[in-house]
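The listed protein sequences correspond, in order, to chains A and B. In this text, residue positions in the first sequence follow the numbering used here: the first is 1, and each later residue adds one. In this text, residue positions in the second sequence follow the numbering used here: the first is 116, and each later residue adds one.
Where hints are given, some of them may not hold.
[Stated by the list, open to error] Derived lysine to aspartate or glutamate pairs resembling DMTMM-like cross-links, with alpha carbons at most 20 Å apart:
hint: 1; chain 1: A; residue 1: Lys110; chain 2: B; residue 2: Glu174
hint: 2; chain 1: A; residue 1: Lys70; chain 2: A; residue 2: Asp26
hint: 3; chain 1: B; residue 1: Lys124; chain 2: B; residue 2: Glu145
hint: 4; chain 1: A; residue 1: Lys114; chain 2: A; residue 2: Asp26
hint: 5; chain 1: A; residue 1: Lys73; chain 2: A; residue 2: Glu15
hint: 6; chain 1: A; residue 1: Lys73; chain 2: A; residue 2: Glu56
hint: 7; chain 1: A; residue 1: Lys3; chain 2: A; residue 2: Glu15
hint: 8; chain 1: A; residue 1: Lys110; chain 2: A; residue 2: Glu56
hint: 9; chain 1: A; residue 1: Lys3; chain 2: B; residue 2: Glu145
hint: 10; chain 1: B; residue 1: Lys124; chain 2: A; residue 2: Asp26
hint: 11; chain 1: A; residue 1: Lys3; chain 2: B; residue 2: Asp153
hint: 12; chain 1: A; residue 1: Lys110; chain 2: A; residue 2: Asp29
Think of the hints as simulated: they come from the structure by calculation, not from any bench. Because the structure is a prediction, the values reported are computed rather than measured.
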Amino acid sequence: AQKITQTQPGMFVQEKEAVTLDCTYDTSDQSYGLFWYKQPSSGEMIFLIYQGSYDEQNATEGRYSLNFQKARKSANLVISASQLGDSAMYFCAMREPDSNYQLIWGAGTKLIIKP
Amino acid sequence: NAGVTQTPKFQVLKTGQSMTLQCAQDMNHEYMSWYRQDPGMGLRLIHYSVGAGITDQGEVPNGYNVSRSTTEDFPLRLLSAAPSQTSVYFCASGTALANVLTFGAGSRLTVL
Chain A
1 AQKITQTQPG MFVQEKEAVT LDCTYDTSDQ SYGLFWYKQP SSGEMIFLIY QGSYDEQNAT
61 EGRYSLNFQK ARKSANLVIS ASQLGDSAMY FCAMREPDSN YQLIWGAGTK LIIKP
Chain B
116 NAGVTQTPKF QVLKTGQSMT LQCAQDMNHE YMSWYRQDPG MGLRLIHYSV GAGITDQGEV
176 PNGYNVSRST TEDFPLRLLS AAPSQTSVYF CASGTALANV LTFGAGSRLT VL
């Protein structure tokens, strides 16, 4: 079974609009971490945001926020006021305890920002 | 501060050839790992290391070997390349306490 599911293979969004990228996860552990990474066309993987399962507040990093709904096992990335430079692949990932830092990755969402 | 450096960036091999992808980090990170990225799939962990002299298998270790003789270096060896190993390979490192992985720029390998 998929542990990380990103249901949107691709999205088109108008510049300056907000965008939500979906991520659902599956774990029986109570303690885990959720990550979002960005991969622009140049290929590098860029860390965006992290949410711990015990964090009471949703994580925010500048224009990025994570809409964490623990009961629904959902960790959606919200990008406010999208910019052309936000066009990229976005990956959701999870780290479980006792996993020796291993990350389990979703298949990614390709986001294209239209001018 | 170079971060994580991977070489080469591109490589073409023939089936059966061997090669080593190099990975070096200058951040004194205990944890290092190799992932492969294939179209339509998330990254998959090949091997990882939690310190010098310690390595372990990830999700897709077959056909790959690693070693960790120093904190800085974590080479990935393909002993007998197969077309199924055509992929983009990423090296990543991190500290034991921090949650964030720092990735190298990636190495694109094609096996003919």
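Hints, one by one, checked against the model:
| no. | hint | result |
| --- | --- | --- |
| 1 | Lys110/A / Glu174/B | violated, 24 Å |
| 2 | Lys70/A / Asp26/A | holds, 11 Å |
| 3 | Lys124/B / Glu145/B | violated, 24 Å |
| 4 | Lys114/A / Asp26/A | violated, 33 Å |
| 5 | Lys73/A / Glu15/A | violated, 29 Å |
| 6 | Lys73/A / Glu56/A | holds, 14 Å |
| 7 | Lys3/A / Glu15/A | violated, 32 Å |
| 8 | Lys110/A / Glu56/A | violated, 29 Å |
| 9 | Lys3/A / Glu145/B | violated, 26 Å |
| 10 | Lys124/B / Asp26/A | violated, 34 Å |
| 11 | Lys3/A / Asp153/B | holds, 18 Å |
| 12 | Lys110/A / Asp29/A | violated, 29 Å |
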